[in-house]
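*Asks:* So the chains spell out like this:
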Amino acid sequence: MSRVVWADRAATALLWAIAAFVVAILLAIIGHFALASIGTLSLSFLTSNPDQFAIGGVLPILFNSIYILVLTLLITVPLGILGGIYMAEYGGEGRLTTLIRFSQELISSVPSIVVGLFGLALFVNATHWGFTALGGALALTVFNLPLLTRLTEQAIRAVPHDERSGSIALGVAKWPTIRHVVLPIAIPGIVTGIILTAGRIFGEAAALIFTAGQSIPSAYNFGNLNLLDPQSPWSPFHIATTLSVFIWQLNSEGLYTYKQQIADTSAFVLVLMVLIFNLGARGLGRALQRRVTGT
Amino acid sequence: MTIVTQPAPPSSAEGPFRVPVPIVVPPPSTASPGAAPGLTADASPAGSGKLEMDGVSVHYGHFRAVRDVTLAIPSNSVTAFIGPSGCGKSTILRCIDRMNDLVHGARVDGRVLLDGEDIYAPGVQAVELRRRVGLVFQRPNPFPMSIYENVAYGPRRHGLSDRRKLDELVETSLRRAALWDEVKDDLRRKSGLALSGGQQQRLCIARTIATGPEVILMDEPASALDPIATLRIEELIAELRASYTIVIVTHNMQQASRVSDRTAFFTMGEDRAGYLVEVDDTVKIFTNPREQLTEDYISGRFG
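First to last, the protein sequences are chains A and B. Going by my numbering, the final residue of the first sequence carries number 294, and the count climbs one at a time with no gaps. Going by my numbering, the final residue of the second sequence carries number 419, and the count climbs one at a time with no gaps.
Honestly, I wouldn't trust all of these hints.
As the list claims (entries may be wrong) - Quick list of the computed label-pair ranges, beta carbon to beta carbon: (1) B/D283 - A/F221: 49 to 55 Å; (2) B/D283 - A/R285: 23 to 29 Å; (3) A/A280 - B/D297: 40 to 46 Å; (4) A/I74 - B/G275: 32 to 38 Å; (5) A/P159 - B/G177: 20 to 26 Å.
As the list claims (entries may be wrong) - The following residues of chain B were derived to be distant from chain A, with all beta-carbon distances above 10 Å: (6) H178; (7) R183; (8) D184; (9) G202; (10) N257; (11) E284; (12) V299; (13) L352; (14) D387; (15) E411.
As the list claims (entries may be wrong) - Which residues of chain A face chain B? A few of them, derived with a C-beta cut under 10 Å, are: (16) G90; (17) E92; (18) R163; (19) S166.
Treat the hints as calculated values from the structure; they're not laboratory data. Ideal placement from N, C-alpha and C gives every residue a C-beta, glycine not left out.
Produce the entire structure from the sequences given, and follow the hints as far as they go.
*Replies:* This is the structure:
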């Protein structure tokens, strides 16, 4: 066997092994928590309230995770996409965009516990809101907005120049070109950005402990639709302990009888949620792309 | 080189004292009545052109890409731009629909006249101009949409939403681009990207036709295609000549001699700036050019 062939095979094997390793880690994580939650995970785990002396469930906490996810995305996605469009299409290369890029990178690398403390000062104390879902969502926005802006910018920049010029050459102005040609092509990249952002939102605990609160709710009255009432789970001003925070709490100071089982099962639910959201977002992205491109 | 001193006043009912107004798109084939039809071999271009360039130079930053091009292009004719790589023929082509505006640091000096009006004059919107002057690219670049949506794209963006009119326009445009029969059965189902390279290029031509241009620019439209697809594009150009003024950049001299009425030969100077050597009837350029440089290029001695 010649050297070239040997080197090629070795490289292929190495790359294959790395890829297999990545998949193995994912499977190990899912497998570990799947095994750990046998006997605990059931439909009633998802639909019951937490119980200090029994297995109970995580309904209000699961609800909070989804609530904060949706609220954060409602703030982050429009701003992030518009910001990304600006950075890719209108910002150009100047001092302002350099400054914006520098800030993006800096904020993205600030430890989330620091963002949590900042959120405590601004969204909890300065506003006199106390611990709220909105405060948590805003804290998450602090480091997810730069991320999504950057990922949207990259997705838009990756759109081939040919398509863009094709539209411009037909006498179509810049914004309609972006709206009808560039964005539809960039949708898969933007959806990937949203998925990455959402993963961080699901998983974040540190930034939420000081902003959305960490007291474990006993039961929610979902019939209370008064959005300004902090007692209503639908209100952005309710204390919203999420699954990640709950898991951290159980393991650090929880006084629950079955805290290990509940924590493991919650972790499995969290992983499943991320997977479901991931697949759902991709499907939605494809459907959206089909609709806007008319195929 | 013939110098255009003064362009003929625009032959228009509005008289000579027009202020620049947003360009309105007339239907194709309403060429200015004074313009000579393509076949009448008129070697003196001054004043008779659909398109005229007067001392046009293009800079990219400090680099002068093209210098001092003066030529006239008669309406309803095919004009080929030929010359060695890097001689600026594509650059000059893209002055006609102001696509150079998009290139950072590009500057165009001199005047480019369409029907006697300076398209670089203040008040002329490049976006409006590009509806009158279409551009077909070297690499077919259909949008990732259905065939129908590709053709309807321009008219839709320009405000046409009536479904029947759109259907009609899509059909006419595809027929004119000699693509209708091949795609009529899955207009809405098939993506423009699923077509063959030659079909994609004809789709791009249909897409351009649908916006109702008067001039169609083609930047090496067949260079990415196989010989059979190339032939179809050339036949198409011959058909379109009746309705449009066509300018085609090509590397292929046989192609230039086959499809064009007039040929402009460009080359590159010592300063790497492209310039126009001569422009004349295609037959003359290929049999009896005035300039030695042209003769050398045509006969394959350089380039």
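*Asks:* Could you run down the list of hints and mark each one as holding or not?
*Replies:* Results for each hint:
1. About 50 Å separates the C-beta atoms of B/D283 and A/F221, a value consistent with the hinted range of 49 to 55 Å.
2. Checked against the given bound of 23 to 29 Å, the beta carbons of B/D283 and A/R285, roughly 28 Å apart, stay inside it.
3. For the pair A/A280 and B/D297, the supplied restraint of 40 to 46 Å holds, since their beta-carbon distance comes to about 42 Å.
4. Checking the proposed 32 to 38 Å range against A/I74 and B/G275 shows it holds: the Cβ atoms sit about 34 Å from each other.
5. Look at A/P159 against B/G177: about 24 Å separates their beta carbons, and that is inside 20 to 26 Å.
6. Residue-level check passed: B/H178 sits 18 Å from the nearest beta carbon of chain A, beyond 10 Å.
7. With a minimum CB-CB distance of about 25 Å to chain A, B/R183 clears the 10 Å threshold, and the non-interface call stands.
8. Once the 10 Å rule is applied to beta carbons, B/D184 is consistent with being away from chain A; the minimum gap is 26 Å.
9. Every C-beta of chain A lies more than 10 Å from that of B/G202, the closest at about 20 Å, which supports listing it as non-interface.
10. Its beta-carbon lying about 4 Å from the closest one in chain A, B/N257 breaks the requirement of being farther than 10 Å from that chain.
11. Chain A leaves B/E284 outside its interface by the beta-carbon criterion, the shortest separation being 18 Å against a cut-off of 10 Å.
12. Once the 10 Å rule is applied to beta carbons, B/V299 is consistent with being away from chain A; the minimum gap is 14 Å.
13. Every CB of chain A is more than 10 Å from the CB of B/L352 (nearest about 18 Å), matching its label as outside the interface.
14. With a least beta-carbon separation of about 28 Å from chain A, B/D387 lies farther than 10 Å from that chain, consistent with its non-interface assignment.
15. Distance to chain A confirms B/E411 as a non-interface residue, since its nearest Cβ pair spans about 35 Å, more than 10 Å.
16. Because the smallest distance between the Cβ of A/G90 and any Cβ of chain B comes to about 13 Å, over 10 Å, the interface hint for this residue is violated.
17. With its C-beta approaching chain B no nearer than about 9 Å, A/E92 sits inside the 10 Å limit, and its interface hint holds.
18. Residue-level restraint check for A/R163 holds (minimum Cβ-Cβ distance to chain B is 9 Å; threshold 10 Å).
19. Below 10 Å, beta-carbon pairs count as interface contacts, and A/S166 has one with chain B at about 7 Å; its hint therefore holds.
Figure legend: structure checked against the earlier numbered hints; hints not met, in rising order: 10 and 16.
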